[in-house]
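Could you build all of it, start to finish, from the sequences and the hints given here?
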Amino acid sequence: MAIYLKSNSKTSYLGASIEFNEDDMAVISEYTKKGTPAYNAGLEKGDIIIAINNQSFSDIDQFNAALQKHKPGKKVTIMYKRLNVENKVLVKIAPDPEIKVTPYSKPSKKALEKREKWLKAKE
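The opening position of the sequence shown corresponds to residue 80 in our numbering, with each subsequent residue numbered one higher.
Hints in this document: simulated from the structure, not taken from any laboratory.
None of these values were measured; they are calculated from a predicted model.
There is no bait here: all hints are sound.
If you anchor each label on the Cβ, the simulated ranges turn out as follows:
| id | residue 1 | residue 2 | range |
| --- | --- | --- | --- |
| 1 | T156 | D103 | 15 to 25 Å |
| 2 | S96 | E195 | 35 to 45 Å |
| 3 | L191 | Y118 | 38 to 48 Å |
| 4 | K167 | D138 | 21 to 31 Å |
The beta carbon of each residue, even a glycine, is placed where N, CA and C say it ideally should be.
Written as structure tokens, this is what we have:
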């Protein structure tokens with residue numbers, strides 16, 4: 080049995096945990112992590128994201144669709160509200176850093192040879 084690592088390099092990533100409140104507003108629900116696009120843009124926990132490149136949304140699916148319209152590496156304008164004051168910020172979208180690990184039950188002959196060579200080197 081082998082494992083297969085797959086990145087989401089074509090999936091856009093903002094780096095902010097978003098929850099929709101009872102007013103259907105996209106609220107950053109956790110502190111943004113250092114180095115993420117949201118952190119680098121100065122977005123903070125409690126900020127309400129109003130629009131991405133002038134596209135508004137009322138649920139998480141619409142939010143994700145608005146984000147995914149823009150490829151990693153592109154810059155988007157995010158309109159947000161902090162303490163009832165509307166602001167705009169330019170954010171460079173990043174590729175999703177998540178890596179999925181899945182079992183791969185039929186490895187190639189080459190992969191098996193590499194595995195055997197690696198295991199022998201550990202002895």
